[in-house]
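Based on the hints, put chain B in the right spot on chain A.
If you read the protein sequences in the order shown, they are chains A and B.
According to the numbering used here, the stretch in the first sequence is residues 1 to 211, in order.
According to the numbering used here, the stretch in the second sequence is residues 1 to 237, in order.
In case anyone wonders, no lab produced these hints; they're calculated from the structure.
One or more hints might be untrue.
What the hints assert, rightly or not - Simulated coverage check for chain A against chain B, where a stretch passes if three residues somewhere in it have a Cβ under 8 angstroms from a Cβ of chain B:
no., region
1, 83-94
2, 99-107
3, 125-137
4, 151-162
Since this is a predicted model, take the numbers as computed values, not measurements.
Ideal placement from N, C-alpha and C gives every residue a C-beta, glycine not left out.
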Amino acid sequence: MTSPALWSTEDMARRAACEIPAGSIVNLGIGLPTQVADYLPEGHAWLHSENGLLGMGPFPYEGDEDPNLINAGKQTVTILPGGSTFDSAGSFAMIRGGHVDLAILGAMQVSATGDLANWAVPGGKVMGIGGAMDLATGCRHVIAMMQHVTKKQEHKLVRSCDYPLTAARVVSLVVTDLGVFEPTGDGFRVVELAPGVTRDYAQARTGAPLT
Amino acid sequence: MSGRHDHKVVASVAEALAPLTDGMTILCGGFGLSGNPEALIRGVIERGVRELTLVSNNAGNLGKGLAQWLRAGIVRKVICSYIGNNEELHTRMATGEITVEITPQGTLAERMRAAGAGIPAFYTPTGVGTVVEHGKETKDIDGRRYILERALRGDVALVRAHTSDRFGNLRFWRTARNFNPVMASAARLTIVECDRLVDNGAIDPDDVHLPGIHIHRIVHVPEHENAFEYRTVRKRP
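Okay, chain A solo, but in the shape it has when bound (with noise of 0.2 angstroms):
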């Protein structure tokens, strides 16, 4: 059986980035959904950096970088026109009180009910919780992205989280290199698979039952 064509992880973040509702405020995760920014029409959303921006650009060009504006990656950044900063309590305090409509997380795993996990391997480096609990539990709306199984081939769509859970039936929407899919309590439908892709090949790497 050859593999067929997975979604790469720009493909991810260009169909991510259609979950995207026009006008809303979107906080991007760390690693893989830093990308969809890269997908997204000028003016079409909002982007929240927990660490105090709202309105964030894109990367500086070479020479205007500036140590003292930075992502919640500390990566360099830019602020757009009508963009805003502010300190950390008035920012989580933003991502607490509901008043960001999305966060797209990376994760670990994610189970059949919508909870997540992405901040600890059993028995790994901890590296710490940052910002992630306060979103996964106080935005309205969580799409996790993620390559669909391990390295090692193991199931990260799961029955239950064995990993140590960020939240607790939060993820509305994940989306993975086998396509895009929502947990139903039960396992996960199949809203869109990557071309190629058929769905014995995204059950045997599921661990719960694809409807």
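Coordinates of chain B only, in the frame set by chain A:
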């Protein structure tokens, strides 16, 4: 008798840090290496205090900023939200030299906001159903479960501002603001390190980011390293 708001501007970092003693809880502003009070951080090591509890979002990185405290062996406990690639903290956590309490970032900020506002504890849904809930009281309010988180107060806060007037009214620059204002409000003694020092009245009252009521000592430090953690750029068209 004099209040705490006379003659706040001090001549040196050493004078600013004179009240520090061993075992204090110190809140230190900054997100990663951005908005760090760099001279005060170095000054604490020279001051020679030890056994500190450090509250900071990251506790330094790349060997810079607060990583210098970890290397100097003057910290016994860190309360932070993120460790990431901070090897100084990973190694000392592994050997047990430093105890680390990891807190969600929003809870960390809100615990200090609460301390500064006279709120002893508050309920939040962040962390429900996770390890963060362990050992804490919970309560169901209108059908949702919440964790009781306690206010976090410091003996001393070390903060960085772009501009201060002589009363300590502050303005910050871009995302260097981060934890600085909330930490300034949550300590018994708050010391600000400012890039620019101006006379009272030079900052319009409506443009003050943090009122000087939260500031007790001011030290003017014009030069800063402002290290980059990840310098990311795009090509000019």
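Going through the hints against the structure:
1. A count of 8 residues in the region 83-94 of chain A with a Cβ less than 8 angstroms from any Cβ of chain B is obtained; the coverage claim is therefore met, three being the minimum.
2. A count of 0 residues in the region 99-107 of chain A with a Cβ less than 8 angstroms from any Cβ of chain B is obtained; the coverage claim is therefore unmet, three being the minimum.
3. Residues of the region 125-137 of chain A lying with their CB closer than 8 angstroms to a CB of chain B number 11, which satisfies the three-residue condition for coverage.
4. Here's how the region 151-162 of chain A fares: 0 of its residues keep a CB closer than 8 angstroms to some CB of chain B, so the rule of at least three is not met and the hint is violated.
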